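A.B. asks: Each chain, letter by letter, is given below.
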Amino acid sequence: MDELELLKKDWKKNEDTKYPKLSYKEIYGMILKKSSSIVKWIFIISILEFAFWTLISFAFKNTEYNKRFESYHAENIMIPFLILGYIILGYFFYKFYMNYRTISATDSAKILMENILKTRRTVKQYVGFNLIYLALSAFIALGVQFDRDEEMISLVEKASANGEIFKFYAVTIILTLVFLGLLIAIILGFYYLIYGILLKRLNRNYRELKKLEV
Amino acid sequence: MNKELEHSFVEELEKNQNIVHKVCRIYTNNQEAHNDLFQEITIQLWKAYPKFRGDSKFSTWMYRVGLNTAITLYRKRKRSIKTETFDAFQYKIKSEPYDDTEEEQLKLLYKAVHQLNDIEKALVFLYLEDKSYKEISETIGISEVNARVKMNRVKTKLRTILNP
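Chains as they are written, first to last, in full-length UniProt numbering: chain A, 1 to 214; chain B, 1 to 164.
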């Protein structure tokens, strides 16, 4: 006999008696408990990410560096840049929320997985945006400093008097790049780890379904 | 209103709880994991219940949410320690006398099913539940042809696991 037929025969046998019977009360108790689903975890982590990047921008507000930066009077560059940042944050948050709302356990397995991965992708794009934003701000800030910071200007003059102006620019830019690169690598590594663990099973199952379509 | 909803839901689930137990049986292999998955499926069913419109049967709807939870949504609550293997975990399969070879073969079969991946388990489960290929394909989200092809592959895979 076909293996599965044998299994089916056994599967159907004594269906009414072989499984535990939970009472009304026990089931009622269960619906009061909290879910520990993957969607909930993605939601929590995403909210933390949004909070993290918002906090970072606030944390910079009162630093020495920021005060010094204000003395350059570069508001005409920084304020539009800041506003753009908030608009984009708003857009991502809206998109994330809409994606999150479409997740429904009553869809087919494939659609459900796709919708979960979509919320994940939105947050990934948000993180990507933040990293680009971070790099851009660093370079704009550097440009403003070259232009308006007195200490910097005197350093530039000194270097140019020594005939080392090119070296000076190169070293400053390379140092900034290295610092940014390290920071970005750490942040990306962290995300990779969290989502790698969290989404391992989902990604595997989604790939398996995808494979069926070819 | 909410109380009413709770009441009708719990009553329906109590009546149809075997479906959830069966999903747990396919996807878990010890008592603790079974209970944990049962709990999560119950929560997911309850969360989705307000959207249950009754255009399909409650039981049909349960298959979908149950499998989705097992395949995609579920994350283990605790690190489950594998204390009991599936063989020891009794579903009272021995309530009728089997001949030894058949019983032995069944044990191996259940063990083999547990070695399948999550999607393959879903296919086997729906097959054991006598679902049509149309329903299987709609639940999983693949075409009917692909469901058939995959089902045949699963059968072959099971055979290979059993007779290496």
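Since the hints were derived computationally from the structure, they do not count as laboratory data. In this text the structure is predicted, and so the values were computed from the model without any measurement. There could be a bad hint or two in this list.
[Unchecked claim] Residues from chain B that keep clear of chain A, each with C-beta distances beyond 12 Å, as calculated:
1) Asn35
2) Asp118
3) Ser132
4) Pro164
[What the hints assert, rightly or not] Calculated cross-link-like contacts (lysine to aspartate or glutamate; reagent style EDC-like; alpha-carbon spacing at most 16 Å):
5) B:Lys107 <-> A:Glu3
6) A:Lys21 <-> B:Glu104
7) A:Lys210 <-> B:Asp118
8) A:Lys9 <-> B:Asp130
9) B:Lys121 <-> A:Glu151
10) A:Lys67 <-> A:Glu151
11) A:Lys25 <-> B:Glu11
12) A:Lys9 <-> B:Glu104
13) A:Lys110 <-> B:Asp130
14) A:Lys21 <-> B:Glu12
15) B:Lys22 <-> B:Glu104
16) B:Lys47 <-> A:Asp107
17) B:Lys155 <-> A:Glu3
18) B:Lys155 <-> A:Glu5
19) A:Lys12 <-> B:Glu11
20) B:Lys157 <-> A:Asp2
21) A:Lys110 <-> A:Glu213
Every residue gets a Cβ at the ideal spot worked out from N, C-alpha and C, and that includes glycine.
A.B. asks: Hints first: check each against the structure and report whether it holds.
C.D. replies: Hint check:
1. Asn35: violated, 9 Å
2. Asp118: violated, 5 Å
3. Ser132: B:Ser132 is indeed farther than 12 Å from all Cβ atoms of chain A, at 15 Å.
4. Pro164: Since the minimum Cβ distance to chain A is about 14 Å, B:Pro164 lies beyond 12 Å and the statement holds.
5. B:Lys107 <-> A:Glu3: Distance ~12 Å between B:Lys107 and A:Glu3 Cα, so the pair holds.
6. A:Lys21 <-> B:Glu104: Since the Cα atoms of A:Lys21 and B:Glu104 sit roughly 27 Å apart, the hinted pair is violated (cutoff 16 Å).
7. A:Lys210 <-> B:Asp118: At roughly 14 Å apart (the allowed maximum being 16 Å), B:Asp118 and A:Lys210 satisfy the hint.
8. A:Lys9 <-> B:Asp130: holds, 11 Å
9. B:Lys121 <-> A:Glu151: violated, 68 Å
10. A:Lys67 <-> A:Glu151: holds, 15 Å
11. A:Lys25 <-> B:Glu11: Cα-Cα ~10 Å, so holds.
12. A:Lys9 <-> B:Glu104: holds, 15 Å
13. A:Lys110 <-> B:Asp130: violated, 21 Å
14. A:Lys21 <-> B:Glu12: holds, 13 Å
15. B:Lys22 <-> B:Glu104: This hinted pair is violated, its Cα atoms lying about 21 Å apart.
16. B:Lys47 <-> A:Asp107: holds, 14 Å
17. B:Lys155 <-> A:Glu3: Holds, because 8 Å separates the two Cα atoms, which is no more than 16 Å.
18. B:Lys155 <-> A:Glu5: Holds, because 10 Å separates the two Cα atoms, which is no more than 16 Å.
19. A:Lys12 <-> B:Glu11: violated, 24 Å
20. B:Lys157 <-> A:Asp2: holds, 13 Å
21. A:Lys110 <-> A:Glu213: holds, 11 Å
Checked against the numbered hints above, the structure violates hints 1, 2, 6, 9, 13, 15 and 19; every other hint is satisfied.
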